[in-house]
Amino acid sequence: MAKKKHDEDVYQDDFLSSLLEASAPFQEEVDFKMKLAAKIIKAVRSKGWNNTVFAEKMEIASLSIITKWFSGTHNFESTTLNKIQNVLGIRLIDVEMPLAATNMTMQVILGGQREYKEYDELAQNTYILIGGYKTKAVAQC
Amino acid sequence: MAVRLKKFGDFSGKKATIYVVLNELGENPFREFAVSCGKDYEDKLLNFIGRIKSIGTQVGAIEDYFKLHENERKGVGDNVCALYDVPDKEMRLYCVRISEQILILGGGGPKPEHIRAWQDCPILSKAARYMISISETIKTRLQTGTLAISDNGMEFTGDLVIIK
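Here the protein sequences line up with chains A and B, keeping their order. To convert, note that position 103 of the first sequence is 103 in my numbering; the numbers rise steadily by one, no gaps. To convert, count from 1 in the second sequence and add 1000; that's my numbering.
By construction, these hints were calculated from the structure, which means they are not laboratory data. Just so it is clear, CB atoms sit at the ideal spot from N, CA and C, and this is done for glycine as well. Treat each hint with caution, since some may be false.
[As the list claims (entries may be wrong)] These stretches of chain B come out as covered by chain A in the derived footprint (C-beta under 8 Å, 3 or more residues):
no. : region
1   : 1002-1009
2   : 1044-1051
3   : 1061-1073
4   : 1103-1113
[To be verified] In silico lysine-lysine, DSBU-like type, Cα no more than 35 Å apart, as pairs:
no. : chain 1 : residue 1 : chain 2 : residue 2
5   : B       : 1067      : A       : 57
6   : A       : 42        : B       : 1067
7   : B       : 1014      : B       : 1139
8   : A       : 83        : A       : 57
Put together the whole structure using the sequences plus the hints.
So this is what it looks like as structure tokens:
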């Protein structure tokens, strides 16, 4: 059984290296498309589906569209991505606002009293609004 | 003429090792393909380059990225596949895909619209048939144990001179 490694057998070529440099400005975009396709492909395969089954689930008549999606070069529309993530049960796009940017108001009823609680994530404080007054909530143990 | 596999340092990474095939003169079909693209197909070539880099460093050689089974007869050269441009499908780059972790780059060229299959184009035929022969040689060498795949599946070990 052959075991010897040939680490010295590494190919370098100035012309091809220059092409790699020329493509570098687009590499992040290329990587994104390739990774997006990879995530979809892995999710489809993990369900045990082939391209035909996936096309049926997506209600797409042409298999060539699936082939195009899986090539790692396709520019997806957001509506398509949304449908894919619903069909596969995965997250591809995250449109939720981060919690830190929101103030939440909750209506709570404690002991028959209607109160409003407001949580300010940025200030890390919870306020209770009773009768128009805003009072900082203090946890009690 | 002796032919050897060489790891392509610029393109290989944590996801896949990319190889080229070199003859005694240091010529390799991938370089010839890149040179032949010239200015006419520069954009498509740069996209291929970026995708190969991505395969090596980000995602591996997932079979769906390729047009598979570019063999002439079933069972011969089954690992031969082609990277192609989307949506135009004007270009073919023939490769031998050993696994998601090992990819060997060959040559290729433009595929004119009127050409139905690579057999109809002398340039594509030469490139595809060469990679089919490389694929068959590697298959035999792996079976005889004079060439092997490392325990982590990432590279070849053994005698990388595949044709003496």
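Right, here's what the structure says about each hint:
1. With 6 residues bearing a CB less than 8 Å from a CB of chain A, the region 1002-1009 of chain B meets the requirement of three and the coverage assertion stands.
2. A stretch counts as covered by a chain when three or more of its residues have a beta carbon under 8 Å from one of that chain; for the region 1044-1051 of chain B and chain A the count is 6, and the coverage holds.
3. Three residues within the 8 Å Cβ limit are the bar, and the region 1061-1073 of chain B against chain A gives 3, so the coverage statement holds.
4. Proximity of the region 1103-1113 of chain B to chain A, defined as three or more residues with a beta carbon under 8 Å from a beta carbon of that chain, is not established by the 0 residues found.
5. Distance hint between residue 1067 of chain B and residue 57 of chain A is fulfilled; the C-alpha atoms sit about 23 Å from each other, no more than 35 Å.
6. Proposed proximity of residue 42 of chain A and residue 1067 of chain B is supported: the alpha carbons are some 18 Å apart, at most 35 Å.
7. Taken as a hint, the residue 1014 of chain B and residue 1139 of chain B pair is honoured in the structure, with Cα atoms around 24 Å apart against an allowance of 35 Å.
8. Proposed proximity of residue 83 of chain A and residue 57 of chain A is supported: the alpha carbons are some 10 Å apart, at most 35 Å.
When each numbered hint is compared with the structure, a violation occurs for hint 4 only.
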